[in-house]
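**Student:** What follows is the residue order along each chain.
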Amino acid sequence: DTEVTQTPKHLVMGMTNKKSLKCEQHMGHRAMYWYKQKAKKPPELMFVYSYEKLSINESVPSRFSPECPNSSLLNLHLHALQPEDSALYLCASSQALAGNEQFFGPGTRLTVL
Amino acid sequence: AQSVTQLDSQVPVFEEAPVELRCNYSSSVSVYLFWYVQYPNQGLQLLLKYLSGSTLVKGINGFEAEFNKSQTSFHLRKPSVHISDTAEYFCAASYNNNDMRFGAGTRLTVKP
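Line order of the protein sequences matches chains A and B.
Taking our numbering, the leading residue of the first sequence gets 1, the next gets one more, and so forth.
Taking our numbering, the leading residue of the second sequence gets 1, the next gets one more, and so forth.
These are computed hints drawn from the structure, not numbers from a lab.
Be a bit skeptical, because a hint or two may be false.
Dumping the calculated SDA-like pairs for lysine to any residue here, alpha-carbon to alpha-carbon at most 25 Å [said to hold, decoys possible]:
#, chain 1, residue 1, chain 2, residue 2
1, B, LYS111, B, VAL13
2, A, LYS9, B, ALA87
3, A, LYS40, B, ASN24
4, A, LYS36, B, PRO40
5, A, LYS41, B, THR72
6, B, LYS49, A, LEU97
7, A, LYS19, A, SER71
8, A, LYS38, B, THR109
9, B, LYS58, A, ALA98
10, A, LYS36, B, ARG107
11, B, LYS111, B, PRO12
12, A, LYS41, B, LYS49
13, A, LYS36, B, VAL37
14, B, LYS49, A, ILE56
15, A, LYS41, B, SER73
16, A, LYS18, A, ASN57
17, A, LYS38, B, GLN45
18, A, LYS40, B, LEU48
19, A, LYS22, B, GLN42
20, A, LYS22, A, ARG63
21, B, LYS49, B, ASP85
22, A, LYS40, B, ASN41
23, A, LYS19, B, GLN42
24, A, LYS38, B, LEU7
25, A, LYS36, A, LEU113
26, A, LYS38, A, ASN57
27, A, LYS41, A, PRO106
Input sequences plus hints: build the corresponding full structure.
**Tutor:** See below:
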């Protein structure tokens, strides 16, 4: 299985809602990532987990809260988002060593009203 | 700061013509280079990667890239493109950690 899955595919939420994005991989990868991608822009790194521990947080606002419950799962909890947070949220995974390719999921298209 | 520069934001070409998408990276003792493709409303798919060894790297879908250390470049090439190659292409670099830096992207449009 060389696939990273993400749910939901689309999400529309209000600014007062609480929702979660989910990501799963079964490739035995020990590094997992969240990226935010705006239209016609490259992915921007948000968080990196290595061996289930948060290793990189790119100064992301606290309304985004990541969680890595085990080596196969990665969540992104959303609360009190702003319309400018609307974007494609991509999850990726890789072997936890430098130089390893990242495998990307299809993304969750988030719209904040 | 380490960075990746893609020199062309858009590249229009005719079907069956050759194409080159240009990428330059910040020089470092150790760098790993990647090209990804993104089709509309999808995630990124790896085309090819350079870790070490031969400077000419062959990837999927007939693409290849050449690592040039003196010019700090990693240009992507294909001798004959198809309509289905129309997509966004990202060059990326990883420097000794799990932090991957992406270029701004090049939109390849293949016209009939």
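**Student:** Work down the list of hints and note, for each, if the structure agrees.
**Tutor:** Do the hints match the structure? See the list:
1. A hinted pair counts as satisfied when its Cα atoms are at most 25 Å apart, and LYS111 of chain B with VAL13 of chain B qualifies at roughly 6 Å.
2. Our distance criterion of 25 Å between C-alpha atoms is met by LYS9 of chain A and ALA87 of chain B, whose separation comes to about 20 Å.
3. Straight-line distance between C-alpha atoms of LYS40 of chain A and ASN24 of chain B comes to about 20 Å, which keeps the hinted pair within the 25 Å bound.
4. Annotation: proposed proximity of LYS36 of chain A to PRO40 of chain B holds, straight-line Cα distance about 16 Å (limit 25 Å).
5. Between LYS41 of chain A and THR72 of chain B the alpha-carbon distance is near 23 Å, which keeps this suggested pair within the 25 Å criterion.
6. A distance of roughly 15 Å separates the Cα atoms of LYS49 of chain B and LEU97 of chain A; the hinted pair therefore holds under the 25 Å criterion.
7. Taking the CA atoms of LYS19 of chain A and SER71 of chain A, the gap is about 22 Å. The hint holds against a cut of 25 Å.
8. Proximity of LYS38 of chain A to THR109 of chain B is assessed by CA-CA distance (about 20 Å); at most 25 Å being required, the pair is judged to hold.
9. Distance check on the hinted pair: LYS58 of chain B and ALA98 of chain A sit about 21 Å apart at the alpha-carbon level, within 25 Å; holds.
10. About 19 Å separates the Cα atoms of LYS36 of chain A and ARG107 of chain B, which keeps this hinted pair within 25 Å; it holds.
11. Of the pairs offered as hints, the one joining LYS111 of chain B and PRO12 of chain B holds, with about 7 Å between alpha carbons and a cut-off of 25 Å not exceeded.
12. Taking the CA atoms of LYS41 of chain A and LYS49 of chain B, the gap is about 21 Å. The hint holds against a cut of 25 Å.
13. Taking the CA atoms of LYS36 of chain A and VAL37 of chain B, the gap is near 17 Å; set against the 25 Å cutoff, the hint holds.
14. With a C-alpha separation of about 23 Å, the suggested pairing of LYS49 of chain B with ILE56 of chain A holds against the 25 Å cut-off.
15. The straight-line distance between the Cα atoms of LYS41 of chain A and SER73 of chain B is roughly 21 Å, inside the 25 Å bound, and the hint therefore holds.
16. For a cut-off of 25 Å, the pair hint linking LYS18 of chain A to ASN57 of chain A stands: about 21 Å separates their Cα positions.
17. Among the hinted pairs, LYS38 of chain A with GLN45 of chain B is consistent with the structure: their alpha-carbon atoms are about 18 Å apart, no more than 25 Å.
18. Among the hinted pairs, LYS40 of chain A with LEU48 of chain B is consistent with the structure: their alpha-carbon atoms are about 22 Å apart, no more than 25 Å.
19. A distance of roughly 16 Å separates the Cα atoms of LYS22 of chain A and GLN42 of chain B; the hinted pair therefore holds under the 25 Å criterion.
20. The suggested pairing of LYS22 of chain A with ARG63 of chain A holds, with an alpha-carbon distance near 16 Å, which does not exceed 25 Å.
21. Proposed proximity of LYS49 of chain B and ASP85 of chain B is supported: the alpha carbons are some 18 Å apart, at most 25 Å.
22. A hinted pair counts as satisfied when its Cα atoms are at most 25 Å apart, and LYS40 of chain A with ASN41 of chain B qualifies at roughly 11 Å.
23. As the CA atoms of LYS19 of chain A and GLN42 of chain B are separated by approximately 22 Å, the hinted pair is consistent with the 25 Å bound.
24. Our distance criterion of 25 Å between C-alpha atoms is met by LYS38 of chain A and LEU7 of chain B, whose separation comes to about 20 Å.
25. Restraint check for LYS36 of chain A and LEU113 of chain A: satisfied, since their Cα atoms lie roughly 17 Å apart, inside the 25 Å limit.
26. Between LYS38 of chain A and ASN57 of chain A, the direct Cα distance comes to roughly 19 Å. Compliance with the 25 Å bound is thereby established for this hinted pair.
27. A C-alpha spacing of about 16 Å is found between LYS41 of chain A and PRO106 of chain A, which places the hinted pair at or below 25 Å, so the restraint holds.
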